[in-house]
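Protein chains: 4
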Amino acid sequence: MTTTDPTPATGAERTGAAPIPCPSVPAPDILRCASMELIVTDLKASRDFYVDLLGLVVTEEDENAIYLRTFEEFIHHNLILRQGPAPAVAAFSYRVRTPEDVDRAEAFFQELGCRTERRRDGFVRGVGDSVRVEDPLGFPCEFFHEVEHVERLAWRYELYGAGALVRLDHFNQVTPDVPRACRYMESLGFRITEDISDADGVEYAAWMRRKPTVHDTAMTGGSGPRMHHVAFATHEKHNIIYLCDKMGALRLSDRIERGPGRHGVSNAFYLYVLDPDGHRIEIYTQDYYTGDPDNPTVHWDVHDNQRRDWWGNPVVPSWYTEASTVLDLDGNPRQVADREEPSEMAVTIGADGFSYTREDDEDGRYRGEAAKGFKLGAQL
Amino acid sequence: MTTTDPTPATGAERTGAAPIPCPSVPAPDILRCASMELIVTDLKASRDFYVDLLGLVVTEEDENAIYLRTFEEFIHHNLILRQGPAPAVAAFSYRVRTPEDVDRAEAFFQELGCRTERRRDGFVRGVGDSVRVEDPLGFPCEFFHEVEHVERLAWRYELYGAGALVRLDHFNQVTPDVPRACRYMESLGFRITEDISDADGVEYAAWMRRKPTVHDTAMTGGSGPRMHHVAFATHEKHNIIYLCDKMGALRLSDRIERGPGRHGVSNAFYLYVLDPDGHRIEIYTQDYYTGDPDNPTVHWDVHDNQRRDWWGNPVVPSWYTEASTVLDLDGNPRQVADREEPSEMAVTIGADGFSYTREDDEDGRYRGEAAKGFKLGAQL
Amino acid sequence: MTTTDPTPATGAERTGAAPIPCPSVPAPDILRCASMELIVTDLKASRDFYVDLLGLVVTEEDENAIYLRTFEEFIHHNLILRQGPAPAVAAFSYRVRTPEDVDRAEAFFQELGCRTERRRDGFVRGVGDSVRVEDPLGFPCEFFHEVEHVERLAWRYELYGAGALVRLDHFNQVTPDVPRACRYMESLGFRITEDISDADGVEYAAWMRRKPTVHDTAMTGGSGPRMHHVAFATHEKHNIIYLCDKMGALRLSDRIERGPGRHGVSNAFYLYVLDPDGHRIEIYTQDYYTGDPDNPTVHWDVHDNQRRDWWGNPVVPSWYTEASTVLDLDGNPRQVADREEPSEMAVTIGADGFSYTREDDEDGRYRGEAAKGFKLGAQL
Amino acid sequence: MTTTDPTPATGAERTGAAPIPCPSVPAPDILRCASMELIVTDLKASRDFYVDLLGLVVTEEDENAIYLRTFEEFIHHNLILRQGPAPAVAAFSYRVRTPEDVDRAEAFFQELGCRTERRRDGFVRGVGDSVRVEDPLGFPCEFFHEVEHVERLAWRYELYGAGALVRLDHFNQVTPDVPRACRYMESLGFRITEDISDADGVEYAAWMRRKPTVHDTAMTGGSGPRMHHVAFATHEKHNIIYLCDKMGALRLSDRIERGPGRHGVSNAFYLYVLDPDGHRIEIYTQDYYTGDPDNPTVHWDVHDNQRRDWWGNPVVPSWYTEASTVLDLDGNPRQVADREEPSEMAVTIGADGFSYTREDDEDGRYRGEAAKGFKLGAQL
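For the record, the sequence lines run as chains A, B, C and D. Straight run, no breaks: the first sequence in full-length UniProt numbering ends on number 380. Straight run, no breaks: the second sequence in full-length UniProt numbering ends on number 380. Straight run, no breaks: the third sequence in full-length UniProt numbering ends on number 380. Straight run, no breaks: the fourth sequence in full-length UniProt numbering ends on number 380.
Hint data in this document are derived by calculation from the structure and do not stem from the laboratory. Treat the hints with care, as some may be off.
As the list claims (entries may be wrong) - Okay, the calculated beta carbon distance ranges per label pair: (1) Val58/C x Asp200/B: 36 to 42 Å; (2) Glu158/A x Arg125/C: 26 to 32 Å; (3) Gly350/B x Arg119/C: 25 to 31 Å; (4) Gly350/B x Glu63/A: 51 to 57 Å; (5) His149/D x Glu148/A: 23 to 29 Å.
Note that beta-carbon positions come from the ideal geometry of N, C-alpha and C, so glycine has one too.
Please model the complete structure; the sequences and the hints are all you need to start from.
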């Protein structure tokens, strides 16, 4: 782990894909990631998961869709569950600062040659004038400003469960070429806060933000475009532990995919769970302020075994390989392109992988079977 | 998980070893597990681990031994680290109610034909009249009442670290024949609170207590006699999480063997770490009161994947296979006998193992790759 | 704060009341405080308080009574709410080790000349053979062993609220003559763990236990017999804070009487709330193990401003003056006798009171208005 | 408690003081409150308080000054302690987005006719080009961009204490005319997030932010200019509770002025402590995101007894009346002007005060002495 001044992410663009040009028109002023629209195949089962298990608050619902929000939110929703034929993501939705920023978003993506669709009355309930785009990486993104205000339930403790989710924190997207994606996201106004790379300059993942947290979204190297996860924040770590305990009590422990643990990247406490369709949800708490323009970028060596779990607990392979399909603006699944560069899983786990706990550990301070500097090997 | 009235543990004695007779003399009135004497090979390295990392309090020390206690303790020590040639356990030490109970302990083990040694001035500093025995299972046990009182540091918050250990909670011992061990421990006055068995009546592990917690010690089936771990309690879960964070910061994450997690058995929150010699230490918090004579015994199916981790996180093989050598009263390592019955690891992990999250799960509530009802498979 | 070997509480009996003789028959072997029977005047309002607000679990209920238990309990109930004409306490109920201990309790109190009533089928649902007595201090006490087992909900996290109460911890009783009460309770098998007294030997309060926590009950000096409070335990401090937050959200903050805070006595984290009838409930967590026979007794100076709140926050006068009426075995309110010795409130608060933060503080380390060594004065 | 769209704070300017004009030049783009410079009279005693007790990290120090930072900070310092003849505040320091914003700050205050002083090498160590101003309210403010980067210790858990302070969160300033102050702060780019007022339109306090938390500073009505407090954030509530426990252990409980508790305003968990000179420090955690331009403003009725403590615990008078002197740019104490409008303390506490727990409470749900809808009365 090293830090640098906030220069662009260190990896070079290596794949055959042409760089994404930087538009001449100004980028929209994005406030924050605001909502995701998920396609689920059994709305009742998903309601059990998101409302009864995770405790998200229903703003409104009908037979086809449920609009959910977190306890500290004042806009209409942070998550839409929509009944559909196959699990997918219909929109990564960002809020912009002004109504005019919707115009800017439309112009920005039109200059990029992306398909865009503008609806003055919005695509979903509770949101007004919006533009949806198929972005250069193939993700369906939405930009809006007008939104229905609802009660911020922050003080309504009588409604809180023991694992209350208080904010939408971030998205995480899978894309084959991380440096290419970063350049594009930087042109859209995002800043890199942390990344994972190797000594050869291969970039495996990068975290980027608008609001001053570690991220509003991250680009994870892999076959894409796919949605890796969407993350909600709790106030404290015990809230996350409670969700694990509750999943055990409901005999759903096999839906806990990874964690709880402490991330190296972001320094946050985390948990990954899988919804009934296999969409991955992160529960997350306590990263740090990143709002200064010279906020140091944190670089992690892909071989550092504490980068993804500070305690060295193994990342399960499914976490690397599985992700959700994303849709185009017609609602059809996007084709995915494979990553050409090395995969983080391959270079760190298994016969050809390599990880360390203490780089250049020569001191022999610790003995015994488990002292190989890397825990996962002992489990395989 | 089922509960029964507090009958003896369900497994039958099956091995060739003769049952241990129940002495005709009264058993000593044991108050609680009180201390363990560990042999360590590098006293300085061990001090770094137990004092600087874990934050135990030094009562006294010299060049050969360090006497440590927890923050709520008022007797001289809960752990002795003694320099020696090879890692081992020299004593599992129990406090008894009265001075006469030391006599009773001596008579009890003499009737069993065990080797005993009585020292009126104690074997270690801070403890008076004591008897040490080689118990019928081959463990070196100590019984004492007289002890030097020291300051109970419960109110000395200025000395607490963020992961303060406040009590010695329990021992855990590896022995080949769990039912045989349970019969003997019951004759010594212990009561079974929980166990793990299978439909064929094989007993894999049993927890037993004197003080009204889930255990003062547990018998874990395996090659024995060996010491599996010794456990210290914190007040809250975040104290345990902090110790993980600190081990990450010190680049010692490879010494986190398992956890943190929630146990099924005991319902406690736990962490297992390894000291510089490979002795296993558990950090533990929040089990439940068991002091009523009809406290229900909790029985866990060995195939229940939530029995050892309520969240279904895998038990690493080293946790099943590794344990510390124990010494006889001359300080020589005890030979270990292998377990003849099936091992918990073999029946639950790997090619021939079998575990479930939901017994007889036919409902198909959850789809997708990770929905196999058992997480470990996905990692192998 | 000083500690001594576990000698009897330090205060002398000074009041005119004759000492309570020590019976010649053996005392019953009391396991623990087990339940309280409260008379409430509006069962629906009380249900809102204990079930909806505090989250206690209903074992059974009808139009006249509600039987409640905590999440880790396996006996039928820890609290009975019974509709009645005026707020009162009908029974302080203790569980004894064996059925024969009910006989012993009956004989013990008969030798003391106390009124007793035996019911082989119990006084309340879920409990069998019991004896109720009017004890020498005037309290209605119940002793039972037979009890219906119900599900221990410890693992049922899907039922836990954010402030889950997991155990009944203790009672607290108001009585005029604390030393006299202590002598009697010691004859019944209780041991003193902590007390508050002054340099003149006046005893203001004493804590005493059967199970190895700081107390099963406490004797608080004042007009009595009256019931000061009954306490339930949570796992962690944040559970207690949540209950405060919830009471704020329900606009019931005026029912938070005192706290949350850290006790000096017991070292536990606490909160006092008032039910709709004014019965005082404590929520409590994390005291320490006291089970050794030589557990040091902790003595607090009544003038030490940290004895009742370790952070020096003031004790509200109502906490000293208000308490619940107790009933005799006919259900009639007991007359109360006034305390003849000085009251803790009078000697510590107000014009004639005296408290210190630092005894003999001469060092002048801290300046300013609030540095008088005692916070309350600044508020009057 | 009601919410409105983010209109200006509701109170009108009523005092004789002329409104502060809105400059024609652009305001500097302020990132966040960044540091405070405190004058202390005994640097050693202050070091004991801020370093040994509160656990702030020393970036550098000499015989005259100590530069301190929090665990997640990467700029040189968040607090300067400087030896001086009398307790005071020398600077409220804000970081601006670019070097040019220092020029803008200088021009902004020059147009307001304020005294300014520019130093290209900074006024303090670790900070470059800065301007200090005597702002229109009489506060000494500093604006800088250039700053020395130091290690962000977020991952250095081995250095964390149990009460680790991770961020500077906000300032709080006392000024006679809150609406006048708000208008000025809005012209400087701040936004109001919450306020306290009454039905007559009197404004008692207002919270305002640049970074998207509830505040970077607040204006509290009273004799001013004075500094009310400076606040540092912890990750979790137990960190704050630990600081209380530690102050109890050090027999400094009389330096806990108020709390811990839950604020109504901001919804944060809080504690106020007093340093050796009487400077007030808040420890604070878990307010909410306010970064959207239409973030609803929360209005609190001054008579709502939960506005300053959600649990209704009383605000001690010293908290209302005491505050720190501020200096002019020559280092001389500023004269204070009295508030002409009603004081929050007078209208809510004591003989003429009025507060409620439940507005228009007619339902008589709760009985008894403490049920008067307002706790403080019972203590006076």
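Hint by hint, work out which the structure violates, then give me just those numbers in ascending order. 3, 4, 5
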